[in-house]
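Asker: Construct all of the structure, not just a fragment, from the sequences and the given hints.
Next come the chains, spelled out residue by residue.
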Amino acid sequence: MRTCVITGSGDGIGKAVAYALSKTDFFDSYALPGRNKPDILDTMKAMREASVEVQAEYYEIDFSKPEHIPQLIENIMKRFQNISCLLNIAGYTEPQSLLSTSLESFDYTYKVNVYSPFMMMKECTRYMKNSGGKIVNVASTAGMTPRPGWLSYASSKAAIISMSQTLTAELAEYGIKVYCVSPGRCATKLRKRLAPEEDPTTIMQPKDVAEVICRLVAPEEQCLDGQNIVIRKQV
Amino acid sequence: MYTLILLAGGSGSRMKKNMPKQYLLLAGKPVIMHILERIDRIKEIAEIVIVCTDEYIPLIRGMLVQYNVMVPVTFARAGDTRQASVKSGLKSVKTKNVILHEAARPFVSANDFIRLMREPCENVMYGTSIPFTVIRGHDTVEGVLDRSELVNVQLPQKFNTKILLEAHEKAEQEGRLFTEDAGLVFHYYPDINIKICEGMVYNIKLTTSMDFVVGEMIYKEYFVRRK
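If you're matching them up, the sequences are chains A and B in order.
Per this note's numbering, the first sequence starts with residue 2, numbered consecutively.
Per this note's numbering, the second sequence starts with residue 2, numbered consecutively.
Calculated from the structure, these hints are not laboratory results.
One or more of the hints may lead you astray.
To be verified - Pairs of lysine-lysine, DSS-like flavour, derived with a Cα cap of 27 angstroms: (1) 130(A) with 206(B); (2) 130(A) with 30(B); (3) 112(A) with 38(A).
Unchecked claim - Label-pair distances were calculated between CB atoms; the ranges are: (4) 43(A) with 72(B): 42 to 50 angstroms; (5) 222(B) with 82(A): 29 to 37 angstroms; (6) 221(A) with 222(B): 21 to 29 angstroms; (7) 59(B) with 123(A): 16 to 24 angstroms; (8) 109(A) with 55(B): 41 to 49 angstroms; (9) 123(A) with 96(B): 32 to 40 angstroms; (10) 104(A) with 217(B): 56 to 64 angstroms; (11) 43(A) with 2(B): 45 to 53 angstroms; (12) 92(B) with 36(A): 47 to 55 angstroms.
Stated by the list, open to error - With the C-beta cut set under 7 angstroms, the calculated list includes, among others, these residues of chain A facing chain B: (13) 170; (14) 185; (15) 221.
For glycine and all other residues, C-beta sits at the position ideal for the given N, C-alpha and C.
Answerer: Okay, structure coming up:
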């Protein structure tokens with residue numbers, strides 16, 4: 002049994018990845034944890050339409066409460082007895098300047114974007130470390146270059162890039178490969194909060210990012226871990 | 002199947018730290034966990050007996066949960082000497098063959114353990130050649146040892162449990178002290194074949210603070226390098 006855990010599968014890149022993966026034979030089952038049950042159930046419906054054999058289950062969790070993650074992973078392990086891949090895609094943004102950003106807002110952004118991926122990697126590694134596996138973290142080009150007004154989001158994505166590089170080396174001993182992708186402008190709900198005036202049809206689509214992530218989790222891919230892979234598409 | 006006795010009773014007095022070296026962090030991970038995690042991946046090891054002082058058992062139990070070590074672990078009380086600690090661990094061994102290792106040697110791979118187990122001889126030790134000249138003496142030179150006749154003893158070692166236990170009982174009865182077990186078994190059973198397998202250059206024993214500096218390099222080069 003090869004189980005893939007995907008966060009943020011209710012919409013955007015996470016939904017596109019779940020759908021794209023359901024058309025492959027990389028995994029036997031999928032665990033889709035998140036807060037927005039109706040959206041994730043829609044994703045599961047789309048996955049089953051793509052492949053009748055796909056086994057996907059919803060797990061309720063609010064990623065602004067990372068302390069609940071150990072129980073989540075334990076529940077997934079009880080159900081599937083295996084986690085071979087983790088895709089940290091869920092994200093949050095509240096774009097504000099330094100003087101407008103409250104401690105609560107900064108903290109919330111970090112809980113969803115940094116602490117939860119940290120806890121997901123930690124708890125999954127406890128089970129993956131004897132059999133190996135893959136982890137993909139979705140960061141952002143916002144974590145690489147200055148973005149005035151996006152302090153909490155941009156810095157949280159910089160943290161994900163750094164964490165991915167550190168863990169690539171640290172988890173190599175377990176046979177766990179850690180990948181990091183940094184999409185540029187991509188037509189998601191999160192992007193709409195960052196750039197509300199932008200026409201989403203003129204920028205990269207979630208399925209474009211999903212295609213890259215699918216290539217990374219493919220069994221034959223063995224060389225691209227440890228890098229911050231920038232995904233951009235000229236539209 | 003094998004039982005592995007992990008010697009973790011050292012006080013670490015040469016390190017001049019508050020805690021024995023086997024519990025200090027190496028690359029952010031307690032030294033003892035480096036080896037326990039690797040042993041956990043070896044299917045042929047049915048059980049680990051950790052020999053340590055009672056005060057550290059709760060600490061180790063916590064680490065085993067934290068690192069999700071699945072292989073069954075029991076504890077035996079460390080003795081006053083290394084030899085007494087091995088004997089204490091041997092009392093809990095139920096398998097025909099036993100592997101001895103020490104927590105202060107974290108740079109042994111799962112393959113190194115497997116190579117030892119797959120060696121047909123029942124009693125096996127790892128050893129490396131001596132790369133320097135060794136002279137006998139204290140304040141003055143008393144003689145030159147022929148290094149071509151000498152071997153640097155490394156752990157892990159593998160023994161027939163019954164033979165090792167009997168040798169320990171004889172040593173205890175005679176009040177003889179040995180600093181490692183291949184020499185102990187050889188002393189009482191000189192006709193038993195104890196094979197020496199080529200040891201590993203990276204398998205250093207962490208003894209001084211400088212060993213931790215070197216150890217970080219060994220860990221990065223031999224254990225976390227990109228494969």
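Asker: What are the numbers of the hints the structure violates, in ascending order?
Answerer: 10, 14 and 15
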